[in-house]
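Student: Sequence:
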Amino acid sequence: MFDSLLSGAVFGAALAATGMYQPSVIVSQMKLENWHMVQTFLTGSAASTSARVHSGLYTLGGSVLGGIIWSGFLRSALASLKSKSPQVPPKPEDLTIYGALGTSQTVAFIGVEVMFAGAVAAISALRLVKTQGLVGPVLGGFLVAGAQLFSALIRKTLLGTSASFEEFGDYISWLLRGGGGGKPKSYNSIAVVTGMIVGALGLSLATPLPQIPPSVNIETTRLVTGGILLTLGARMGGGCTSGHGITGISLLSVSSFVSVAAMFAGAFGTAALI
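Taken in order, the sequence shown gives residues -16 to -1, 1 to 258; the numbers are from mature numbering (1 follows the signal peptide of the UniProt record, and there is no 0).
For the record, the hints were derived by calculation from the structure and aren't laboratory data.
Among the clues, some could well be false.
[What the hints assert, rightly or not] Listed below are the simulated DMTMM-like cross-link pairs for lysine to aspartate or glutamate, each with C-alpha atoms no more than 20 Å apart in a straight line: (1) K15 - E203; (2) K114 - E17; (3) K169 - E151.
[Stated by the list, open to error] Here are the computed distance ranges between Cβ atoms for each label pair: (4) G253 - L189: 31 to 41 Å; (5) G186 - S88: 40 to 50 Å; (6) G86 - G162: 52 to 62 Å; (7) T204 - G86: 47 to 57 Å; (8) S170 - M99: 28 to 38 Å; (9) G86 - T191: 43 to 53 Å; (10) F93 - G250: 24 to 34 Å.
Even for Gly, the Cβ is constructed at its ideal location relative to N, Cα and C.
Generate the whole structure from the sequences, applying the supplied hints.
Tutor: Right, dumping it as structure tokens:
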């Protein structure tokens, strides 16, 4: 449990240092006005609450509520529907980029690295990044990657956070059923997210984190709804921006590349509409 807490603390501190706790960074990215988020994401392939960004509290609450909805009935409902229309599982070799392309892992790795490095260099050359956190987006990305390596070394597993809301939902569902048998036994993801909060909070107390202008005022209902949708979408897709966007991409997973593309497409479309 302690190793999960410690891994989360390192991850949370890294995210806080990048400035990704600021809603304005996310919103401006989805409006294609500021490429801070993408540059950090490409370099590094929940900390907002601990960085004392108050909107994060409502989003966190929505995410927890989404976990309860998922564990309470949606997960079983979707499993029931899926059982009625079974699908042929994909071949193992089709689950990775190199397997799907019929090439070696080394060639695929080099290709992805060159593509990402080129994108990061282009963003810098075109001066598309308008803001900076405690560190620049590129260094921030390396810090996030370092947190990933730290998790792999001490936990023997890679980072992912959305499962924490499912674990919390499982526990709440168990309590609502009156407790007794069947008590959830998995708390590792909750420990990781708790560690993220502690790590980001510790960094913010040790070094004042920059407040990146302009401030973004978002209605509470939108924050809560966004948190709910974030959790439900992540559990349906088997991962979130950390599980798919950092861990899955690093493993050259086809589903993670598809999921991340869908995440950004949905975010760009939503930002354009609202």
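Student: Can you let me know if the beta-carbon spacing of G86 and T191 is within 43 to 53 Å?
Tutor: 48 Å Cβ-Cβ, so the 43 to 53 Å window holds.
Student: Taking the Cβ atom of F93 and the Cβ atom of G250, is their distance within the range 24 to 34 Å?
Tutor: 28 Å, holds
Student: Indicate whether the distance between the beta carbons of G86 and G162 respects the range 52 to 62 Å.
Tutor: 54 Å, holds
Student: Hinted pair, alpha-carbon criterion (20 Å max): K114, E17. Please report holds or violated.
Tutor: Given pair K114, E17 holds - Cα atoms ~8 Å apart, limit 20 Å.
Student: Run the distance test for K15 versus E203: straight-line Cα separation, threshold 20 Å.
Tutor: Measuring from Cα to Cα gives roughly 18 Å; hence the hint holds.
Student: At the C-beta level, are G186 and S88 separated by a distance inside 40 to 50 Å?
Tutor: 42 Å, holds
Student: Does the Cβ distance between G253 and L189 fall inside 31 to 41 Å?
Tutor: 38 Å, holds
Student: Given the hint of 28 to 38 Å, is the C-beta distance from S170 to M99 inside that range or not?
Tutor: Between S170 and M99, where Cβ atoms are some 36 Å apart, the hint holds.
Student: Hint check: K169 vs E151, CA-CA at most 20 Å. Holds or violated?
Tutor: Holds - the C-alpha atoms of E151 and K169 are around 9 Å apart, at most 20 Å.
Student: Can you tell me whether the CB distance of T204 to G86 sits inside 47 to 57 Å?
Tutor: Cβ of T204 to Cβ of G86: about 50 Å, so the range 47 to 57 Å holds.
Violated hints: none; the structure is consistent with every hint.
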